[in-house]
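There are 2 protein chains.
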Amino acid sequence: MNEIRVFSPATVSNVACGFDVLGFPLESVGDEMVVRKTTKKGLVITKIEGFELPFEISKNVASVSAQALIDCINPDCGFEIEIYKKIKPGSGIGSSGASATSSVYAINELLGRPFNKLELTNFAMKGEFIASNSEHADNIAPAIFGGFNLVKSLHPLQVLQLPTPKDLYVVIIHPQIEIKTSESRGILPKTVSLSDATKQLSELGGLVHALHTSDYELMKNSLNDHLIEKHRSKLIPHFDELQSKSIAAGAIGCSISGSGPSVFALTRGKDMAINVESIFKSVYSKSNINFATYVSKISSNGVVTI
Amino acid sequence: MNEIRVFSPATVSNVACGFDVLGFPLESVGDEMVVRKTTKKGLVITKIEGFELPFEISKNVASVSAQALIDCINPDCGFEIEIYKKIKPGSGIGSSGASATSSVYAINELLGRPFNKLELTNFAMKGEFIASNSEHADNIAPAIFGGFNLVKSLHPLQVLQLPTPKDLYVVIIHPQIEIKTSESRGILPKTVSLSDATKQLSELGGLVHALHTSDYELMKNSLNDHLIEKHRSKLIPHFDELQSKSIAAGAIGCSISGSGPSVFALTRGKDMAINVESIFKSVYSKSNINFATYVSKISSNGVVTI
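As given, the protein sequences belong to chains R and L, one line each in that order. Numbering follows the numbering used here, in which position 17 of the first sequence is assigned residue number 17; successive positions increment by one, without gaps. Numbering follows the numbering used here, in which position 239 of the second sequence is assigned residue number 239; successive positions increment by one, without gaps.
This is chain R alone, in the form it adopts within the complex:
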């Protein structure tokens, strides 16, 4: 195989009760990338479509992660990369994670899979780092492994694949506003009350148990965020209305996707997802903010060859 085309999914991280540790990928929203073997060693980005991103190897998330893989195995060939970027950077649904994932996955396939998924996650984190200036894997791990993932630890990297009920859908609204990562991180408190931390423990424990037992009522009961949402939601216009109306309509949960501004809702089944999407649309249609919405099944695969 000398050429491969891959799809790398958008991802929702944090997922209300799992700040910095939990995430899942979308089945039908993501980037595409074509990677080709070249006789000349090294890495070249030959095309970037969709959004403006750097062609420089040391500055593009996808090439930084790819380079980490290449440095590790030193293959007897090079690679050229075409990036078809569909997830807007800064949207909060794992745009940089998708970039970082697609290149390492594609090159690993072209080389006959010398690395396992955990190793690929480690390479992809190098790319993610230059985008966010912080080390995290709660977008990358789900993009690589598929399904709900819990990042148990970063050093050493340990990823737990949680059961993912088949009929879970996610609805995303992406308000086209810019929230600087620095602002979104800066608004977080350095400390939280022991009481809130304890509540969050019970929510996360509840969600993990609910995923194992396919208990939708418990999922609904557990998708609460006592630590982060109250701070970051201030940066997202109409957040409270999105949340209260989608929950009232029957969504399992609704919170901020990653560090925002995107907001996600989980639903059981596609009909409810479409219903919640129309609620999201109607809330934002009253404002003068541009927005995009997505409805997708949760992907149980993550990044795939297409």
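Hint data in this document are derived by calculation from the structure and do not stem from the laboratory. Certain hints may be false.
Each pair may be met inside one copy or between any two copies, as identical chains are not told apart.
Computed list of lysine to any residue pairs in SDA-like fashion (alpha-carbon distance at most 20 Å, straight line) [to be verified]:
1. Lys166 with His212
2. Lys297 with Thr164
3. Lys40 with Leu154
4. Lys85 with Ser134
5. Lys199 with Leu157
6. Lys37 with His231
7. Lys230 with Phe115
8. Lys190 with Gly112
9. Lys126 with Ala68
10. Lys40 with Gly147
11. Lys199 with Pro156
12. Lys40 with Ser134
13. Lys220 with Gln158
14. Lys220 with Leu154
15. Lys126 with Ser58
16. Lys190 with Lys230
17. Lys230 with Thr198
18. Lys126 with Thr213
19. Lys166 with Ser28
20. Lys59 with Leu111
21. Lys199 with Leu188
22. Lys199 with Gln158
23. Lys199 with Gln161
24. Lys199 with Pro189
25. Lys199 with Ser134
26. Lys234 with Ile247
27. Lys220 with Leu157
28. Lys230 with Thr191
29. Lys59 with Leu118
Fit chain L to the known structure of chain R by using the hints.
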């Protein structure tokens, strides 16, 4: 049935990563109680053996919880209670929880089970409250339901029964020192760092996943406490040595039981439990502090008729 004799187990709460939400009961350590129907309405404690506790109905944990049940159903008889107290009050292994549990369980059996386990937990919490002056269910729920329990919320009371691998044993050492509850609670910080809270989330999520998948390696990896242990362990002589030596010997985890001073270790199988018990003994034998040790399977039943 006019008379019943019950066994109510000692319990380990918090369990390293689940402060205020997690607990499990011991199979072979606990209190006994005999409860008898009387034609005269009302409640009398006729005997207390083992430790000095109040006979006054409004001051004894067992009668306070029993009274809460009686007030709810107003039965056409009364009850007399004999308490055979074996768990020392203030030991940190759920002494008051066992008292509060045994009376409501026994009376519910004598009355033909008008209440379910969740309702019994609610009654028992009234007794627990007068012992600790704080509302919690992480000792009572395991004593009533058996196995690992996660207290998802107190209002409304919601208890999740987690899978409990069959070959889990627990070792307890109870140093006979007095730690006042006020001291043990007062030493806790009001706030914790967001980073520690996040670590704790990954530990609890890891443990719940490990219990569902019988993954002992992950259990070992997850039984860490980033919030409480570093503060309370200062009150427990030789804590660090108990922990490091038992883990080095092969224990799955070791931390403070409840608010201490008891320390627990979890092991896979009885042989390792006996091994860890001898380590605990050797650590404390060098000191001039009296102590007791216990080895028990984790009970999958909780309180039972004997």
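query = Between Lys40 and Gly147, at a C-alpha cutoff of 20 Å, which is it: within one copy, between copies, both, or neither?
reply = neither (37 Å within a copy, 61 Å between copies)
ask   = Can you tell me if Lys190 and Gly112 fall within 20 Å by alpha carbon in one copy, between copies, both or neither?
value = Intra 44 Å, inter 53 Å, cutoff 20 Å: neither.
task = Classify it for me, Lys199 with Gln158: is the Cα-Cα distance of at most 20 Å met within a copy, between copies, both or neither?
result = Answer is between: at 13 Å across copies they meet the 20 Å cutoff, but 24 Å inside does not.
request  = Evaluate Lys126 and Ser58 at a C-alpha cut-off of 20 Å and name the case that applies: within, between, both or neither.
outcome  = within (11 Å within a copy, 63 Å between copies)
request  = Please work out whether the CA atoms of Lys234 and Ile247 approach to 20 Å or closer within one copy, between two copies, in both situations, or in neither?
outcome  = within (19 Å within a copy, 45 Å between copies)
ask   = 20 Å Cα cut-off: does Lys166 pair with Ser28 within a copy, between copies, both or neither?
value = within (15 Å within a copy, 42 Å between copies)
task = Classify it for me, Lys166 with His212: is the Cα-Cα distance of at most 20 Å met within a copy, between copies, both or neither?
result = both (12 Å within a copy, 19 Å between copies)
query = How would you label the pair Lys199, Gln161 (within, between, both, or neither) given a Cα cut-off of 20 Å?
reply = between (23 Å within a copy, 18 Å between copies)
Intra/inter-copy verdict for Lys199 and Ser134 if alpha-carbon distance must be at most 20 Å = between (26 Å within a copy, 16 Å between copies)
query = Should Lys190 paired with Lys230 be assigned to within, between, both, or neither, using CA atoms and 20 Å as the limit?
reply = both (14 Å within a copy, 19 Å between copies)
ask   = How do Lys230 and Thr198 come out at 20 Å by Cα distance, when the copy is not named: within, between, both, or neither?
value = both (16 Å within a copy, 16 Å between copies)
Within, between, both or neither, where Lys40 and Leu154 count as close if Cα-Cα is 20 Å or less = neither (35 Å within a copy, 64 Å between copies)
Hint check: violations occur at hints 3, 4, 6, 7, 8, 10, 12, 18, 20, 29; the rest are consistent with the structure.
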